[in-house]
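*Asks:* In terms of the working numbering, the sequence shown opens at residue 3 and continues consecutively.
The set of hints was computed from the structure by calculation and includes no laboratory data.
Careful: at least some of the hints might be erroneous.
What the hints assert, rightly or not - Only pairs whose alpha carbons sit at most 30 Å apart, straight line, appear in this in silico BS3-like list of lysine-lysine:
hint, residue 1, residue 2
1, Lys37, Lys23
2, Lys17, Lys37
3, Lys30, Lys17
4, Lys33, Lys17
5, Lys41, Lys23
6, Lys23, Lys33
7, Lys96, Lys128
8, Lys17, Lys41
9, Lys41, Lys30
What the hints assert, rightly or not - Simulated restraints, written as ranges between beta carbons of each label pair:
hint, residue 1, residue 2, range
10, Leu112, Lys17, 30 to 40 Å
11, Thr26, Asn103, 48 to 58 Å
12, Glu130, Arg40, 32 to 42 Å
13, Lys23, Phe102, 41 to 51 Å
14, Thr127, Lys33, 48 to 58 Å
15, Glu130, Phe102, 20 to 30 Å
16, Met71, Arg47, 18 to 28 Å
Glycine included, C-beta positions come from ideal geometry on N, C-alpha and C.
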Amino acid sequence: MEYSSQSERTEMALKYCQSHKCHTYDTKDRKRGSKGNRKNQTRRRSDFYYGGGNFCSMNCYNDWASDFMDRAIDQVSGRINEPIILTEENAWQKRYDYNFNRNGGGYTILYMWYNTLTEQRIDITKQEFDTQSQPQL
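Construct the entire structure; sequences and hints are all you get.
*Replies:* Written as structure tokens, this is what we have:
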């Protein structure tokens, strides 16, 4: 994608805080407009560090969460009404480990399936690590 100006490139990279109450916090960086006509505006940045990169601060994240988290849980992932139990069958995780070479320097990466309950380990290749969703037992 080609940009015609620096401002167009900046516009594409910036995003807004997703809190519906962000503009209500009275800070200098939210102020916009001329001296007699100042208004607060939702923050706009290239990166946010809260709530998966969607919120400019914990205040904004907490505002959103207190109003919408119940609805998000019910509609997206479903509310948990009984405990989820970790068993030997569903305790498998993909893991990798760096193996540093003492003499020659450098390292190799070891890929594996690891069972967090039994501590069993199954070595796999990088391709298997990238493509498998379950271990081949």
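*Asks:* Each hint: holds or not?
*Replies:* Against the structure, the hints come out as follows:
1. The straight-line distance between the Cα atoms of Lys37 and Lys23 is roughly 23 Å, inside the 30 Å bound, and the hint therefore holds.
2. Using a Cα cut-off of 30 Å, the hinted pair Lys17 and Lys37 holds, with the two alpha carbons roughly 25 Å apart.
3. Restraint check for Lys30 and Lys17: the C-alpha separation of about 18 Å stays at or below 30 Å, so the hint holds.
4. Of the supplied pair hints, the one linking Lys33 and Lys17 holds, its CA atoms being roughly 17 Å apart against a limit of 30 Å.
5. Our distance criterion of 30 Å between C-alpha atoms is met by Lys41 and Lys23, whose separation comes to about 14 Å.
6. The hinted pair formed by Lys23 and Lys33 meets the criterion: a straight-line CA distance of about 14 Å does not exceed 30 Å.
7. Restraint check for Lys96 and Lys128: the C-alpha separation of about 11 Å stays at or below 30 Å, so the hint holds.
8. Simply put, Lys17 and Lys41 have alpha-carbon atoms about 19 Å apart, close enough for the 30 Å limit, and the pair holds.
9. Only pairs whose Cα atoms come within 30 Å are accepted, and Lys41 paired with Lys30 is accepted, the gap being roughly 11 Å.
10. Roughly 38 Å separates the CB atoms of Leu112 and Lys17, a value that falls within the hinted 30 to 40 Å.
11. Distance hint check: the CB atoms of Thr26 and Asn103 are about 56 Å apart, consistent with the given range 48 to 58 Å.
12. One distance hint, 32 to 42 Å for the beta-carbon pair Glu130 and Arg40, is violated here, with the actual separation near 59 Å.
13. Our hint of 41 to 51 Å for Lys23 and Phe102 holds, since their Cβ atoms are close to 49 Å apart.
14. For Thr127 and Lys33, the Cβ-Cβ distance of about 56 Å falls inside the hinted range of 48 to 58 Å, so the restraint holds.
15. A hinted range of 20 to 30 Å holds for the C-beta pair Glu130 and Phe102, which are about 23 Å apart.
16. Between Met71 and Arg47 the Cβ separation comes to about 23 Å, which falls inside the hinted range of 18 to 28 Å.
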